[in-house]
Amino acid sequence: MAQPLVKKDDDRDDEAEYSPFLGIEKGAVLQEARVFNDPQLDPRRCSQVITKLLYLLNQGETFTKIEATEVFFAVTKLFQSRDIGLRRMVYLMIKELSPSADEVIIVTSSLMKDMTSKTDMYRANAIRVLCRITDGTLLTQIERYLKQAIVDKNPVVASAALVSGIHLLETTPEIVKRWSNEVQEAVQSRAALVQFHALALLHQIRQNDRLAVSKLVTSLTRGTVRSPLAQCLLIRYTTQVIREAATTQTGDRPFYDFLESCLRHKAEMVIFEAARAITELNGVTNRELTPAITVLQLFLSSSKPVLRFAAVRTLNKVAMTHPMAVTNCNIDMESLISDQNRSIATLAITTLLKTGNESSVDRLMKQITNFMSDIADEFKIVVVEAIRSLCLKFPLKYRSLMNFLSNILREEGGFEYKKAIVDSIVILIRDIPDAKENGLLHLCEFIEDCEFTYLSTQILHFLGTEGPKTSDPSKYIRYIYNRVHLENATVRAAAVSTLAKFGAMVDALKPRVFVLLRRCLYDGDDEASLFFINLLLMYKSKFSIVRDRATLYLNTVGSDGEVIETDKVVKDFLFGSLDIPLANIETSLKNYEPAEQPFDINSVPKEVKTQPLAEKKAPGKKPAGLGAPPSGPPSTVDAYEKLLSSIPEFSDFGKLFKSSAPVELTEAETEYAVNVVKHIFDRHVVFQYNCTNTIPEQLLENVTVIVDASEAEEFAEVASKPLRSLPYDSPGQIFGAFEKPEGVPAVGKFSNMLRFIVKEVDPTTGDVEDDGVEDEYQLEDLEVVAADYVMKVGVSNFRNAWESIGPDFERVDEYGLGPRESLAEAVSAVISLLGMQPCEGTEVVANNSRSHTCLLSGVFIGNVKVLVRLQFGIDGPKEVAMKLAVRSEDDNVSDMIHEIVASG
Amino acid sequence: MILAVLFANSEGNILVERFNGVPAEERLHWRSFLVKLGADNLKGVKNEELLVASHKSVYIVYTVLGDVSIFVVGKDEYDELALAEVIFAITSAVKDACGKIPTERLFLDKYGKICLCLDEIVWKGLLENTEKDRIRRLVRLKPPNEF
Chain Z
1 MAQPLVKKDD DRDDEAEYSP FLGIEKGAVL QEARVFNDPQ LDPRRCSQVI TKLLYLLNQG
61 ETFTKIEATE VFFAVTKLFQ SRDIGLRRMV YLMIKELSPS ADEVIIVTSS LMKDMTSKTD
121 MYRANAIRVL CRITDGTLLT QIERYLKQAI VDKNPVVASA ALVSGIHLLE TTPEIVKRWS
181 NEVQEAVQSR AALVQFHALA LLHQIRQNDR LAVSKLVTSL TRGTVRSPLA QCLLIRYTTQ
241 VIREAATTQT GDRPFYDFLE SCLRHKAEMV IFEAARAITE LNGVTNRELT PAITVLQLFL
301 SSSKPVLRFA AVRTLNKVAM THPMAVTNCN IDMESLISDQ NRSIATLAIT TLLKTGNESS
361 VDRLMKQITN FMSDIADEFK IVVVEAIRSL CLKFPLKYRS LMNFLSNILR EEGGFEYKKA
421 IVDSIVILIR DIPDAKENGL LHLCEFIEDC EFTYLSTQIL HFLGTEGPKT SDPSKYIRYI
481 YNRVHLENAT VRAAAVSTLA KFGAMVDALK PRVFVLLRRC LYDGDDEASL FFINLLLMYK
541 SKFSIVRDRA TLYLNTVGSD GEVIETDKVV KDFLFGSLDI PLANIETSLK NYEPAEQPFD
601 INSVPKEVKT QPLAEKKAPG KKPAGLGAPP SGPPSTVDAY EKLLSSIPEF SDFGKLFKSS
661 APVELTEAET EYAVNVVKHI FDRHVVFQYN CTNTIPEQLL ENVTVIVDAS EAEEFAEVAS
721 KPLRSLPYDS PGQIFGAFEK PEGVPAVGKF SNMLRFIVKE VDPTTGDVED DGVEDEYQLE
781 DLEVVAADYV MKVGVSNFRN AWESIGPDFE RVDEYGLGPR ESLAEAVSAV ISLLGMQPCE
841 GTEVVANNSR SHTCLLSGVF IGNVKVLVRL QFGIDGPKEV AMKLAVRSED DNVSDMIHEI
901 VASG
Chain B
1 MILAVLFANS EGNILVERFN GVPAEERLHW RSFLVKLGAD NLKGVKNEEL LVASHKSVYI
61 VYTVLGDVSI FVVGKDEYDE LALAEVIFAI TSAVKDACGK IPTERLFLDK YGKICLCLDE
121 IVWKGLLENT EKDRIRRLVR LKPPNEF
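Residue numbers (UniProt numbering), protein chains in the order written: chain Z, 1 to 904; chain B, 1 to 147.
No lab work stands behind these hints: they were computed from the structure.
Accuracy of the hints is not assured; some may be wrong.
Said to hold, decoys possible - Here are the simulated DSS-like cross-link-like pairs (lysine-lysine), alpha carbons at most 25 Å apart as the crow flies:
(1) B:142 <-> Z:118
(2) Z:147 <-> B:142
(3) Z:95 <-> Z:65
(4) Z:95 <-> B:124
(5) Z:153 <-> B:142
(6) Z:113 <-> B:124
(7) Z:266 <-> B:132
(8) B:95 <-> Z:153
(9) Z:65 <-> B:124
(10) B:46 <-> B:95
(11) Z:759 <-> Z:655
What the hints assert, rightly or not - Coverage of chain B stretches by chain Z, computed from C-beta distances (three or more under 8 Å per stretch; other residues unrestricted):
(12) 71-82
(13) 113-124
Built from N, CA and C at the ideal position, the CB exists for glycine as well.
Extracted from the complex, chain Z is given alone in its bound form (with noise of 0.2 Å):
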């Protein structure tokens, strides 16, 4: 229950005892409530009970549907009362309770006798409570007044019934669209708010009309605007007329004065907003740049965080585009690095990485060390981040920069912290040669003392490839074998096959690295028993065979310890890169049975494999979180080469080369449902339609698709294999096979006829009718293109298989692809064209970005290695000119890479 309100407030101790609201429960404010229907109303009391409800509401305390009707018409007994302060309470209440339909008729009345009261205020309340309640029926019958309350001579009133507009807006559009004179009256209004809501609400009206929004910019922008919100509006609708009209205009920016003039407003809101604006225009100069430049320097040393926290946002987003133009704010944002809201010190910090120079850099990163230790891991991240960009900017920094990650590594962080640091350090060598060894040590020295398993095993591996090409690689040895030793198992078996890599390649290591590696026999781990699995481990798995391993590797280094000649097949097996999708092997490997057969690699797909359609179709599910893993891609090709294998008619196509992604032909939402795959085989081409009938009234029988090749003149069909039925909602298979000349890429046109006998069928009872009509269904035509015959193949590392590919049968031409929509459509169109796996990420072209390169890779078919670099450039009428270099194991794949590039 609760305590009698306390009038003295002066003595804490009491204070921290009572609440007015201690022990509140709902039941009994319920019971309390009864007070609104007494004859004789009290005021005070029942705005005291009001207060309880708004209480328990705010809460987040709800009330039944019986329990808020109670309450509900309790509280509109309430109008009968006089008293000011429980009116406006009672307002308030019911906007909270949001009455249903049913029940909005009880007050409707009431509140309408109060919209047009003389008393100005309650006007504007009950205009503000009908509209939150309110539906259109009765809107129309009140729309007279509310358009009356727009020009108001009080500007409650009239804001009242503005800001009501923009919430109806939502709902009854129509209606609101009907006000725009009254409106378009307000926005001249006298009163600051009256003309910011007027403004807020023809925009809206008008969104859609550019001509209009441009008329009203234009006036607006010559007249006074008196409120400095409205007049922030005004900024952000000139900025959507100054984008739209960019793109027709030439010459001087329209509006960019009216912008300029607005960062010498007397409130910083708006000082804020143009120079904001300003900096977001569409290819701004530098010259434009400037003024903003200037107000927002001054803003990054204001006393108000907020106004420190905007501009230091704003210039981050300018240091993006426009570095240069920011330097000069840079001894202020240097001060920034020790500002008490971190927020600020981190975007300080990113936008000095961004626009500090050469010289900067060393006093930069002193300044970043104090800052580190007391920021969260999300900033550290960042920050991280932007210190991997700036090593890249001045290779020349390296040390300083590569001492700092390590430092910063050595102290305590989380997983996604560590990871960052040990991706940068892993850029950087990669990227700059001089500072190899030094990264490399210093990630050694991290795996000797790392809590994160993952973690090291990836630094055992890069270690692995990267350590044996330094010219001392015996100095890493020692870490190596460290974790042989003194860690689990997982990290053990990673730093076995790290060290047989350092005695594979480097021969002056061979002998020392084969006493180490028979040490490693003794390894008490010996739970696995499939060879393959070593593969994985480098990567991902759980499971280890330390001693396994260690007997493989001493049996390929050489068993007496001398430096021999080893099997370059096994070599390449062993050290090579994994040429093979992980995912893939690890379903092949389970699989597997162990049997006398031992597991043969080469019959394990190399295909990415892409998610069959029918996965596609169950939407809404989305990832548990951040960390949880994506599920592995299902194993179509699995299943693709268990059901060919199983129809005798294709059982002598040899091995399945390659299943295509399916291909709708026929319109989505149509009676029969049907797509097809394109299975490739050396001298063979299967079509797999996968069919489903979508009306329940129907059966289909003896269900064939009639193919016709004649605009395909390379193909001969050689079986067909019809549906006998095909029921409502259980998709069936029809399958047809064409054969082709061995090894060639045969293009060709099919035209389709989906050809059937149709009973109907009692949906009820199921029972179908014994006769039925032959009917047929025209179907999309399918195409076979050269795409057909690439793989989707990735390499791990495309520089390295671009050189071990060598330039004998390099084949590079130019080609102009013409006026594009913008240089993504265009790389994106040559990627499905050539139905290669991009590489690297290189699929993603940058924003605005005038140029890109992308690197492709695949197998063609007779199982040919081939690899594409594309260059693209684009010139200002969007004209894309693309450069295309193509290696491959065989000059025939090489020329029929640039056929299909011509051709298509």
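Got chain Z sorted already, so can you dock chain B onto it with the hints?
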């Protein structure tokens, strides 16, 4: 849109929470996020000194007033500057309603009045009134002075 206005006491208990356009299932998450944000950063902060944070396109401006922490969350046009305006209106109205910097007890004593002030300042996610004198008159159903 002003997504949320939230008042908490110094122990992180909610005194007032008003959400606009935030689905019911996300409210609990927001509440605990804001309370934690306050616990991490508001210690030793002076009355009415504004702190600011942002997450993707959502901005948060928060402050402390006596025993009460105040958080305002907004997106789109309600960025940190607009929210600073909102929170300034809120703090001055609360001070006005309480007559001084509020203790938790005083805040709860004036709870009804504060709810009315909030109703005048933020209406369904939009800023409506900003001046404390005007708000003081409006909650008493008096027309504003300038009229």
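*asked:* Checking one constraint from the list: CA of residue 113 (chain Z) to CA of residue 124 (chain B), max 25 Å. Satisfied?
replied: 24 Å, holds
*Going straight from one Cα to the other, do residue 266 (chain Z) and residue 132 (chain B) come out at no more than 25 Å?*
Holds, at about 21 Å.
*Agreement of residue 65 (chain Z) and residue 124 (chain B) with the hint, judged by alpha carbon distance not exceeding 25 Å*: 22 Å, holds
*asked:* Cut-off 8 Å, C-beta pairs, minimum 3 residues; does the coverage of the region 71-82 of chain B by chain Z stand?
replied: With 5 residues in contact (Cβ-Cβ under 8 Å with chain Z), the coverage given for the region 71-82 of chain B holds.
*asked:* Check the hint pairing residue 759 (chain Z) with residue 655 (chain Z) against an upper bound of 25 Å on the C-alpha distance.
replied: With a Cα-Cα distance of about 39 Å, the restraint between residue 759 (chain Z) and residue 655 (chain Z) is violated, given a limit of 25 Å.
*Against chain Z, does the region 113-124 of chain B show at least 3 residues with beta-carbon separation below 8 Å?*
holds (count 5)
*If you draw a straight line from the CA of residue 95 (chain Z) to the CA of residue 65 (chain Z), is it 25 Å or shorter?*
15 Å, holds
*25 Å limit on alpha-carbon distance, applied to hinted pair residue 153 (chain Z) and residue 142 (chain B)*: Within the cut-off at roughly 15 Å; holds.
*Are residue 147 (chain Z) and residue 142 (chain B) close enough, with their CA atoms no more than 25 Å apart?*
Given pair residue 147 (chain Z), residue 142 (chain B) holds - Cα atoms ~22 Å apart, limit 25 Å.
*Measure nothing beyond the straight line between the CA atoms of residue 95 (chain Z) and residue 124 (chain B); if it is 25 Å or shorter, mark the hint as holding.*
Holds: residue 95 (chain Z) and residue 124 (chain B) sit about 10 Å apart, inside 25 Å.
*Between residue 46 (chain B) and residue 95 (chain B), is the straight-line Cα distance small enough, at 25 Å or below?*
15 Å, holds
*For the pair supplied as a hint, residue 142 (chain B) and residue 118 (chain Z), is the alpha-carbon distance within the 25 Å limit?*
Distance of about 13 Å is within 25 Å: holds.
Violated hints for the displayed structure, listed by number in ascending order: 8, 11.
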